[in-house]
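These are the residues of each chain, in order.
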Amino acid sequence: MKVNVLFFASLKEDLGVSEIELDVSELAGRSALFDSLTIELGSDCVAPLLAENISIAVNRNIEKGEFVLKPGDEIAFLPPITGG
Amino acid sequence: MKVNVLFFASLKEDLGVSEIELDVSELAGRSALFDSLTIELGSDCVAPLLAENISIAVNRNIEKGEFVLKPGDEIAFLPPITGG
Amino acid sequence: MDEIRVQSDDFSLADEYLACGEVAGPDCGAIAAFVGLVRHTEGDAKVTGLHLEHYPGMTEKSIEKIVEEARNRWSLQHVRVVHRIGVLPARSQIVLVVVASSHRPDAFAACEFIMDFLKTEAVFWKKEMRSDGDIWIKSTTGDYARRDGWESGISSSIE
Amino acid sequence: MDEIRVQSDDFSLADEYLACGEVAGPDCGAIAAFVGLVRHTEGDAKVTGLHLEHYPGMTEKSIEKIVEEARNRWSLQHVRVVHRIGVLPARSQIVLVVVASSHRPDAFAACEFIMDFLKTEAVFWKKEMRSDGDIWIKSTTGDYARRDGWESGISSSIE
Numbered sequence: 001m002k003v004n005v006l007f008f009a010s011l012k013e014d015l016g017v018s019e020i021e022l023d024v025s026e027l028a029g030r031s032a033l034f035d036s037l038t039i040e041l042g043s044d045c046v047a048p049l050l051a052e053n054i055s056i057a058v059n060r061n062i063e064k065g066e067f068v069l070k071p072g073d074e075i076a077f078l079p080p081i082t083g084g
Numbered sequence: 001m002k003v004n005v006l007f008f009a010s011l012k013e014d015l016g017v018s019e020i021e022l023d024v025s026e027l028a029g030r031s032a033l034f035d036s037l038t039i040e041l042g043s044d045c046v047a048p049l050l051a052e053n054i055s056i057a058v059n060r061n062i063e064k065g066e067f068v069l070k071p072g073d074e075i076a077f078l079p080p081i082t083g084g
Numbered sequence: 001m002d003e004i005r006v007q008s009d010d011f012s013l014a015d016e017y018l019a020c021g022e023v024a025g026p027d028c029g030a031i032a033a034f035v036g037l038v039r040h041t042e043g044d045a046k047v048t049g050l051h052l053e054h055y056p057g058m059t060e061k062s063i064e065k066i067v068e069e070a071r072n073r074w075s076l077q078h079v080r081v082v083h084r085i086g087v088l089p090a091r092s093q094i095v096l097v098v099v100a101s102s103h104r105p106d107a108f109a110a111c112e113f114i115m116d117f118l119k120t121e122a123v124f125w126k127k128e129m130r131s132d133g134d135i136w137i138k139s140t141t142g143d144y145a146r147r148d149g150w151e152s153g154i155s156s157s158i159e
Numbered sequence: 001m002d003e004i005r006v007q008s009d010d011f012s013l014a015d016e017y018l019a020c021g022e023v024a025g026p027d028c029g030a031i032a033a034f035v036g037l038v039r040h041t042e043g044d045a046k047v048t049g050l051h052l053e054h055y056p057g058m059t060e061k062s063i064e065k066i067v068e069e070a071r072n073r074w075s076l077q078h079v080r081v082v083h084r085i086g087v088l089p090a091r092s093q094i095v096l097v098v099v100a101s102s103h104r105p106d107a108f109a110a111c112e113f114i115m116d117f118l119k120t121e122a123v124f125w126k127k128e129m130r131s132d133g134d135i136w137i138k139s140t141t142g143d144y145a146r147r148d149g150w151e152s153g154i155s156s157s158i159e
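Residue numbers (our numbering), protein chains in the order written: chain A, 1 to 84; chain B, 1 to 84; chain C, 1 to 159; chain D, 1 to 159.
A portion of the hints provided could be inaccurate.
If we take Cβ atoms under 7 Å as the criterion, some of the chain C residues that face chain B in the derived model are [unchecked claim]:
1) Ile-4
2) Pro-26
3) Gly-36
4) Met-115
5) Leu-118
6) Lys-119
7) Ala-122
8) Val-123
9) Phe-124
10) Trp-125
11) Lys-126
12) Asp-132
13) Trp-136
14) Lys-138
Derived BS3-like pairs: lysine-lysine, alpha-carbon spacing no greater than 25 Å straight-line [what the hints assert, rightly or not]:
15) A:Lys-12 <-> D:Lys-138
16) A:Lys-2 <-> A:Lys-64
17) D:Lys-61 <-> A:Lys-64
18) A:Lys-70 <-> D:Lys-61
19) B:Lys-64 <-> C:Lys-46
Sample of chain D residues with no beta-carbon within 12 Å of chain C, all distances over it, derived [as the list claims (entries may be wrong)]:
20) Asp-2
21) Arg-5
22) Gln-7
23) Pro-56
24) Asn-72
25) Val-87
26) Met-129
27) Lys-138
28) Asp-148
No lab work stands behind these hints, which were simulated from the structure alone. Beta carbons are placed, not taken as given, at the ideal position from N, Cα and C, and that holds for glycine.
Looking at chain A on its own, in the form it has when it is part of the complex (with noise of 0.2 Å):
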């Protein structure tokens, strides 16, 4: 199933893109995702999506723990925010 995959501000730069399309398995979670992600960006590219201070949302809710991803899902990786 398609997901729609963003990425804001720092990781936007640094991956030079901001929004991709994705596969990734029926009823995928947490680390299928990171695997799909893995598979299409590569591990270096992967590997700041995991950092502690990088948040996850998923249609723009953040997610501290496990989630289960549906067709058409938003999943945002958040860089630390800073507003005002």
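Chains B, C and D: place on chain A using the hints.
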């Protein structure tokens, strides 16, 4: 010698006057000032000026203790203040 | 360099903000502003307006001391205080404080400090014109508590 | 009823203040406002500008949660938050918060609370374009300390 005495806000309303010229003795202090005010305004009018929450300013400086007046000094009676 | 005015005319936050930005310069990162207005109701009573009286010369001096104390406590680039006097109908603007600083904690703290001390230390008298009769307003215990919350009071306190 | 906008266009404090006054109504006694600006220097470096990025939809939601939390804590009549994105040259306006309340303690506290949480909880990324190289800014320990100073953090924290 002559000094000017100002009354503000509720005191001005109650006394019906905002400013008077007052004759006081040379080197008059707090008590001579009140003596002169009593002669000028009567003791009924002076009583409210003695209330604990009334501040006295001499030449725009609050005087909490004793003071000595000079000719032309400006004495002001200030009810409780509030700005903002 | 700071701006302190007591006036019967209305003021414009827009104009004061612009003037503040011009004076504050390129390292201003934070502008905090406050405007106090005449509320239309006070408890159960309707307020038709306020009558504000001041002591020319002494009032300005009392505000200068408050601003000076704020400058001693925080790093500020510019401060503007405008306080109206006279008869102010309900919903009128009463007072404006604008503070510019490099950083927001200083701007916020100084702006709030100045307002708290204007309530208790600035030489104004305020009469509320109310549906149940006119009354001269006093600082509330809450006002004094907020002033005293800034640790040691300022030396210029007239209380 | 509150106003939350993320936009590349500049904003006008004057317009936001007027709009706030109209919505807030006759019992508004206090309007606190804050504007954050791009400082021209940061330590020893010259800053030519900021580049602000956001996540459309999620950013607005993160601001809504902050405002909602402020409304839970204080009695507020109206809140306006405008946050700019894109490339902002030095001295540009970045963010505006305007809060109306019956009483000044609520207006001040909510305005400062919202700014503190925008720093740490709002979904923005900020790159400083500096004379010594561009850097992505992170919230400082001071920013987190100020957030945590508001007793229990808000449940919507993404941290």
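Verification of the hints:
no. : hint                   : in the structure
1   : Ile-4                  : violated (12 Å)
2   : Pro-26                 : violated (32 Å)
3   : Gly-36                 : holds (6 Å)
4   : Met-115                : holds (6 Å)
5   : Leu-118                : holds (4 Å)
6   : Lys-119                : holds (4 Å)
7   : Ala-122                : holds (3 Å)
8   : Val-123                : holds (5 Å)
9   : Phe-124                : holds (4 Å)
10  : Trp-125                : holds (3 Å)
11  : Lys-126                : holds (5 Å)
12  : Asp-132                : violated (17 Å)
13  : Trp-136                : holds (5 Å)
14  : Lys-138                : holds (5 Å)
15  : A:Lys-12 <-> D:Lys-138 : holds (16 Å)
16  : A:Lys-2 <-> A:Lys-64   : holds (22 Å)
17  : D:Lys-61 <-> A:Lys-64  : holds (18 Å)
18  : A:Lys-70 <-> D:Lys-61  : holds (22 Å)
19  : B:Lys-64 <-> C:Lys-46  : violated (38 Å)
20  : Asp-2                  : holds (19 Å)
21  : Arg-5                  : holds (19 Å)
22  : Gln-7                  : holds (19 Å)
23  : Pro-56                 : holds (26 Å)
24  : Asn-72                 : holds (21 Å)
25  : Val-87                 : holds (18 Å)
26  : Met-129                : holds (15 Å)
27  : Lys-138                : holds (16 Å)
28  : Asp-148                : holds (14 Å)
Violated hints, in rising order: 1, 2, 12 and 19; the structure is consistent with all others.
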